[in-house]
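S.K.: In case you want the letters, here they are:
2 protein chains.
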Amino acid sequence: MPERNDEELRAQHLSFGQRVREIRQDRGLSQEELAELAGMHRTYVSSLERGLRNVGLDNILAIAAALDVSPSDLFLGENK
Amino acid sequence: MPERNDEELRAQHLSFGQRVREIRQDRGLSQEELAELAGMHRTYVSSLERGLRNVGLDNILAIAAALDVSPSDLFLGENK
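Protein sequence lines correspond, in order, to chains A and B. Our numbering numbers the first residue of the first sequence as 107 and each following residue consecutively. Our numbering numbers the first residue of the second sequence as 107 and each following residue consecutively.
These are calculated hints, taken from the structure and not from any lab test. Source: prediction; values computed, not measured. Hints may contain errors.
Just a sample of chain A residues kept apart from chain B, beta carbon distances all over 10 Å, derived [said to hold, decoys possible]:
| id | residue |
| --- | --- |
| 1 | E113 |
| 2 | R127 |
| 3 | H147 |
| 4 | S152 |
| 5 | R156 |
Label-pair ranges, simulated between beta-carbon atoms [claimed, not checked]:
| id | chain 1 | residue 1 | chain 2 | residue 2 | range |
| --- | --- | --- | --- | --- | --- |
| 6 | B | E138 | A | R148 | 37 to 47 Å |
| 7 | B | S136 | A | S136 | 42 to 52 Å |
| 8 | A | S136 | B | E139 | 42 to 52 Å |
| 9 | A | R148 | B | T149 | 29 to 39 Å |
| 10 | A | Q131 | B | E138 | 38 to 48 Å |
| 11 | B | R156 | A | E139 | 28 to 38 Å |
| 12 | B | G134 | A | G134 | 21 to 31 Å |
| 13 | A | E138 | B | S136 | 44 to 54 Å |
| 14 | B | E139 | A | E139 | 40 to 50 Å |
| 15 | A | S152 | B | S136 | 21 to 31 Å |
Yeah, the Cβ is synthetic: ideal placement off N, Cα and C, and Gly gets one too.
Please take these sequences and the hints and turn them into a complete structure.
M.R.: What follows is the structure in structure tokens.
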């Protein structure tokens with residue numbers, strides 16, 4: 107398995123967050139509206155979009171449902 | 107957003123776990139070997155595959171890297 111360092115991990119967190127932001131904005135939703143739909147706090151959505159959260163599977167699934175996309179869509183663009 | 111209940115969430119955790127198992131077995135890896143490659147304990151991989159873990163983004167990315175797939179592949183088959 108290729109050695110993965112913190113920088114790489116941070117970049118992947120960031121691209122996950124940016125993907126959530128991209129889809130949220132496509133849907134015309136504010137962070138507040140997405141947070142409410144997904145059952146979480148706005149500040150959680152804000153820090154997640156900045157790649158600062160080790161988001162759990164429950165929240166990944168909740169965000170995908172709130173954005174009406176499949177969970178795999180949130181990871182498109184994440185390379186191996 | 108469609109109301110999601112525990113049962114639905116449990117089913118999605120299970121299908122995520124089964125997807126990891128499917129790809130692991132395709133790669134001819136034991137749980138022990140995957141755990142070592144991904145830097146986690148075998149029992150964590152075992153409980154994850156049974157849908158019993160709220161896996162964090164770090165571990166999702168580590169498992170995808172260890173299985174040499176993109177993270178979105180781990181969610182294929184998870185419907186909205």
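S.K.: Could you work out which of the previously given hints the structure breaks and list their numbers from low to high?
M.R.: Going through the list in order, the structure violates hints 12, 15 and respects the others.
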